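A.B. asks: One letter stands for each residue in the lines below.
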Amino acid sequence: MDLELLIDALVAGLLLGGFYGALSLGLAIAFGLLDVPHIAHPAFALLGAYGAVLMQGWFGLDPVLSGLILALPFYALGVAVYSFYHTTFERRGTDAGLRGLAFFFGVAFVAEVILILLFGIDQRGVRAPYIGRALVLGEFRLPWRMLVASGVALAIAGAMALWLSRTYVGRAVQAVAQDATALSLLGADPVRVKRIGFGIATASVALSGALLVVVGPVEPGLARIYIGKVFAIVVLAGLGSVGGTVLAALLLGVIESVMLSSPVASWTPAVAFGLLLAVLGLRPQGLFGR
Amino acid sequence: MDKGVLGRRAVLATSFGATLAAPLVARSQPAGSPVRIGFSIAQTGTLAAGGRPSLLARQLWMHDVNARGGLLGRPVELVFYDDQTSAATSPAIYAKLLDVDRVDLLVGPYGTPVQAPIMPMARQRGKLLFGNFSFRANEEMRYDRYFNIAPFGATPDAWPGAFVRLAHRRGLKRLAIMVADAEGTVTLGAGARETARSLGMEVVYDQRYPFNTTEFSSVLRAVRSARPEAVYVGSFPNETAGIVRSVAEIGVGSSVQLFGGGMVGLQFAPLLESLGDAVNGLVNFQTYVPERTMEFPGIREFIDRYAVAAKAGGVDVLGFYLAPFNYAMGQVLEAAVKAVGSLEDEALSRHMKSAEFETVVGKIAFGPTGEWRDPRMVQVQFQGVRGTDVEQYRQAGRQVIVEPPELVSGELRMPFERARR
Numbered sequence: 001m002d003l004e005l006l007i008d009a010l011v012a013g014l015l016l017g018g019f020y021g022a023l024s025l026g027l028a029i030a031f032g033l034l035d036v037p038h039i040a041h042p043a044f045a046l047l048g049a050y051g052a053v054l055m056q057g058w059f060g061l062d063p064v065l066s067g068l069i070l071a072l073p074f075y076a077l078g079v080a081v082y083s084f085y086h087t088t089f090e091r092r093g094t095d096a097g098l099r100g101l102a103f104f105f106g107v108a109f110v111a112e113v114i115l116i117l118l119f120g121i122d123q124r125g126v127r128a129p130y131i132g133r134a135l136v137l138g139e140f141r142l143p144w145r146m147l148v149a150s151g152v153a154l155a156i157a158g159a160m161a162l163w164l165s166r167t168y169v170g171r172a173v174q175a176v177a178q179d180a181t182a183l184s185l186l187g188a189d190p191v192r193v194k195r196i197g198f199g200i201a202t203a204s205v206a207l208s209g210a211l212l213v214v215v216g217p218v219e220p221g222l223a224r225i226y227i228g229k230v231f232a233i234v235v236l237a238g239l240g241s242v243g244g245t246v247l248a249a250l251l252l253g254v255i256e257s258v259m260l261s262s263p264v265a266s267w268t269p270a271v272a273f274g275l276l277l278a279v280l281g282l283r284p285q286g287l288f289g290r
Numbered sequence: 001m002d003k004g005v006l007g008r009r010a011v012l013a014t015s016f017g018a019t020l021a022a023p024l025v026a027r028s029q030p031a032g033s034p035v036r037i038g039f040s041i042a043q044t045g046t047l048a049a050g051g052r053p054s055l056l057a058r059q060l061w062m063h064d065v066n067a068r069g070g071l072l073g074r075p076v077e078l079v080f081y082d083d084q085t086s087a088a089t090s091p092a093i094y095a096k097l098l099d100v101d102r103v104d105l106l107v108g109p110y111g112t113p114v115q116a117p118i119m120p121m122a123r124q125r126g127k128l129l130f131g132n133f134s135f136r137a138n139e140e141m142r143y144d145r146y147f148n149i150a151p152f153g154a155t156p157d158a159w160p161g162a163f164v165r166l167a168h169r170r171g172l173k174r175l176a177i178m179v180a181d182a183e184g185t186v187t188l189g190a191g192a193r194e195t196a197r198s199l200g201m202e203v204v205y206d207q208r209y210p211f212n213t214t215e216f217s218s219v220l221r222a223v224r225s226a227r228p229e230a231v232y233v234g235s236f237p238n239e240t241a242g243i244v245r246s247v248a249e250i251g252v253g254s255s256v257q258l259f260g261g262g263m264v265g266l267q268f269a270p271l272l273e274s275l276g277d278a279v280n281g282l283v284n285f286q287t288y289v290p291e292r293t294m295e296f297p298g299i300r301e302f303i304d305r306y307a308v309a310a311k312a313g314g315v316d317v318l319g320f321y322l323a324p325f326n327y328a329m330g331q332v333l334e335a336a337v338k339a340v341g342s343l344e345d346e347a348l349s350r351h352m353k354s355a356e357f358e359t360v361v362g363k364i365a366f367g368p369t370g371e372w373r374d375p376r377m378v379q380v381q382f383q384g385v386r387g388t389d390v391e392q393y394r395q396a397g398r399q400v401i402v403e404p405p406e407l408v409s410g411e412l413r414m415p416f417e418r419a420r421r
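As you go down the protein sequences, you meet chains S and X in turn.
Residue numbering for the first sequence follows the numbering used here, starting at 1 and increasing by one per position.
Residue numbering for the second sequence follows the numbering used here, starting at 1 and increasing by one per position.
Simulated from the structure, these hints should not be mistaken for laboratory data.
Keep in mind the model is a prediction, meaning the values are calculated, not measured.
Hints may be right or wrong, so weigh each one.
Unchecked claim - Covered stretches of chain X, going by a simulated chain S footprint (3 or more residues, C-beta under 8 Å): (1) 249 to 258; (2) 267 to 280.
Stated by the list, open to error - From the structure, some residues in chain X lie toward chain S, with a derived Cβ separation under 10 Å: (3) Gly45; (4) Arg52; (5) Thr85; (6) Ala87; (7) Thr89; (8) Thr187; (9) Val219.
Claimed, not checked - Some chain S residues well away from chain X (every beta-carbon gap over 12 Å; in silico): (10) Leu68; (11) Pro73; (12) Tyr75; (13) Ala80; (14) His86; (15) Arg145; (16) Gly151; (17) Ala155; (18) Leu162; (19) Gly216; (20) Gly221; (21) Thr268; (22) Val279.
All C-beta atoms in this analysis are idealised placements derived from N, C-alpha and C, irrespective of residue type, glycine included.
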């Protein structure tokens with residue numbers, strides 16, 4: 001591989017990783033900090049993507065703006081889903097994790113069927129000035145849609161990091177991840193904290209879902225493609241690390257991009273997930289976990 | 001429109017066919033013991049965009065054949081389930097079709113990976129199996145009661161080779177091959193490679209990218225660095241959208257004269273609508289387009305009728321790629337049953353091997369492996385596409401046939417970067 005191609009691949013990988021980071025950040029909170037086995041996370045992102053499609057059809061809105069607007073109803077959705085999950089599974093005891101997994105699998109399946117009923121099985125896309133165009137920098141051409149996706153990912157990550165470190169609820173979410181019992185002894189309600197945390201995580205999914213449809217057209221089964229990827233990123237980062245999630249996503253993006261540019265492109269998933277296994281073997285807490 | 005036959009309810013209901021594990025039966029003029037034709041068909045999953053038009057076309061044929069008095073004086077009934085485009089689902093469905101529903105005639109699922117597990121079962125039961133666009137599914141088994149309605153032909157280069165032959169005829173020597181790492185597209189890549197070697201072309205890039213890749217900037221940069229003159233692409237619909245978008249953004253380099261070949265999805269209206277004029281310049285496979293060289297008796301009328309039903313049913317409104325062929329499948333079965341006078345699999349197979357059938361997609365004759373004796377895959381170039389309105393594709397000149405020579409309907413535009421504008 002020549003140097004120019006390698007640099008191209010690295011830059012494209014960083015942009016791709018930024019997009020993966022945007023998709024994974026909500027899961028870093030929901031799964032990494034709140035310990036909720038939220039495998040419906042990509043399905044929720046897909047709901048956000050279709051929401052952006054609808055908002056553009058109805059009001060002609062830019063998809064990223066739609067994602068921001070949809071964050072509020074998605075917060076309510078997250079609160080409702082967590083409340084149901086807690087009441088039905090979490091508070092019942094030790095096998096809540098496994099049964100919760102089945103619950104969220106069911107939620108993902110129902111979300112897919114709802115999308116099929118409402119939109120059919122065909123691909124849906126959006127239009128925006130930054131889709132289908134590239135920023136030209138000498139020999140390099142960078143797709144604007146990927147630049148937007150990466151920029152929004154950094155914004156989400158920054159907002160989440162600030163929220164977790166500077167707000168009472170954010171610090172409480174970190175505390176509940178460490179010791180829920182100790183938190184309750186301090187007078188805080190861990191369930192309420194988790195409900196708010198899950199709501200915030202789901203609100204961020206609305207925005208990352210909008211990025212999903214900016215990056216490419218969507219169809220109801222698309223969420224399945226991303227399940228393995230977003231979980232791999234969160235686990236690779238170390239559960240609950242926001243900064244680590246972004247860095248792990250960038251790492252995965254760069255590895256994928258370099259592999260796709262190489263003479264062994266078909267090995268891309270094997271190398272990416274091989275790295276995950278290697279990291280977990282050498283450092284079980286993940287790259288940035290404590 | 002007969003709601004019972006073509007209604008949205010029937011189409012939507014198939015989405016849940018496998019889940020409910022109950023047969024969805026489209027009836028028309030029920031009288032006497034029906035001739036039951038069984039199949040699974042993708043109504044959800046990767047290939048659903050092709051499964052739905054296929055089903056609609058068969059329902060149109062069922063409506064027509066019943067209006068003509070059915071088969072052997074009995075009404076025709078379609079028994080079908082959604083296989084979710086899954087090779088894991090289709091064997092159980094076909095076991096049910098044979099053992100529980102006890103269908104008389106068997107039609108294969110849409111798509112090579114879903115079709116492949118059905119072949120041994122059909123052979124074991126001695127059933128005639130009419131394949132729906134599986135690529136070389138009978139190559140190894142050589143089952144003598146298998147037929148394919150797709151005009152792919154039996155040789156590996158009949159489909160992908162058309163693009164490579166076109167490139168060679170235009171004096172291009174350096175070929176890049178990029179295909180999805182999945183059964184159907186890998187076979188396409190092999191066909192392109194084989195044809196290139198036989199023609200003495202140099203393959204300067206030959207890669208499989210992972211199935212369901214969403215972002216293609218890196219792959220296209222690697223292709224561009226190899227400086228090919230023609231790029232053969234074998235991709236599935238989601239990937240096709242990503243590739244076309246990345247091509248528009250980062251380009252493929254000035255050396256590329258031809259780009260495309262085996263991109264699945266560009267045959268269907270929803271993706272064409274989504275991609276708009278970004279498809280201009282692409283050269284890609286098709287089975288039928290409304291060009292003057294493909295005027296078969298009855299095809300225009302069929303396409304017009306199909307469009308009305310498709311709009312009502314929320315299905316691909318163009319339906320060029322699969323719908324006429326699935327209607328033709330019914331016409332072949334109808335003619336064969338009429339000629340043989342029974343539903344007996346062996347007699348029907350024997351007749352289908354030797355006869356020639358008049359259909360809306362022209363004359364069809366089958367070769368030894370059940371593929372079309374005279375393959376007829378065409379390569380078309382998208383030209384003059386403006387905006388996102390798919391109705392423009394009903395006019396001649398939007399998908400200009402550039403291969404094979406006997407069906408050419410317009411001038412090929414090269415190089416690719418200029419053809420895109």
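A.B. asks: Output the indices of the hints that this structure fails to meet, ascending.
C.D. replies: 6, 7, 8, 15, 19, 20, 21
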